[in-house]
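Residues 1 to 253 in the numbering used here are what the sequence shown spells out, letter by letter.
Hints in this document: simulated from the structure, not taken from any laboratory.
Heads up, some of the hints might be wrong.
Straight-line distance between alpha carbons at most 30 Å, and here's what the computed DSBU-like set of lysine-lysine pairs gives [said to hold, decoys possible]:
#: 1; residue 1: Lys107; residue 2: Lys117
#: 2; residue 1: Lys31; residue 2: Lys117
#: 3; residue 1: Lys31; residue 2: Lys107
Treat the numbers as computed from the prediction; the structure is a model and nothing was measured.
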Amino acid sequence: MTVATVVDLLPTVELAELVERASLQTRVDRKYLLTPGQAGQFLDRLAETAAPRVLCIDRRRDSGYDSLYLDTPDLAGYHLAARGRRRRFKVRRRTYLETGETWLELKTRGPRGATVKQRSLEGSRAFLDDALAAAGLPDLRGVPLVPVLMTSYRRTSLLLPGHGTDTDSRLTMDAGLRWSTPDGRQLELPDRVVVETKSGAQSSAADRLLWRAGCRPARISKFGTGLAALHPTLPANRWHPVLTRHLTPRELS
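Let's have the full structure, built from the sequences with the hints guiding it.
Here is the structure:
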């Protein structure tokens, strides 16, 4: 059973309801790297047990995402993440290809390792500076933020309705991931699906199903892992298992 086959059979949810029920701007993220076959089996089992609904926009059940990551010229954001600093940040301009919207987004770390995402449609630098200051991060006023990495992929988004003690949560499945740098380097990940659960403090039904199947969260960051793979001289111990297990020379283009 392929991901596309299962997705075509799922009931749908509109974007407004998904955002209302499970926007989860402050959340716990867990990521897993699965082969396409594993992803299809997992989703088939999830459909039997958790009643997921798939996001549908203009009759499409997946969406294209392009992201441009920004950092300081000395890669301050990257180095904070590579060293596992609790106070770290990630800045990107994300374009949703189906709607044409582009948002300026800032990700920081909240209490107990939670991910906090803030975003602005206007995309002003003042928004970033104020949000960084409020998060207790270094003052970057006057420091340029420059493009360092681009990503593109197709995303399938699912709403997982809460049952029992579970609250509503989200699940995304990203396929066809491609990284590129402004100087023209490229890297593809054609044989992996990045599955990400986004929930509150508790693990989701999807997490527990993956754990029972022997799948454990992988330390992958589209920003950090991509930069480390394309710039081998950067410190990358944090992402070494992913780089050695899932990224191979044949995937370089």
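Structure-based check of each hint:
1. Lys107 to Lys117: Measuring from Cα to Cα gives roughly 5 Å; hence the hint holds.
2. Lys31 to Lys117: Satisfied, since the Cα-Cα distance of roughly 16 Å is no more than 30 Å.
3. Lys31 to Lys107: holds, 16 Å
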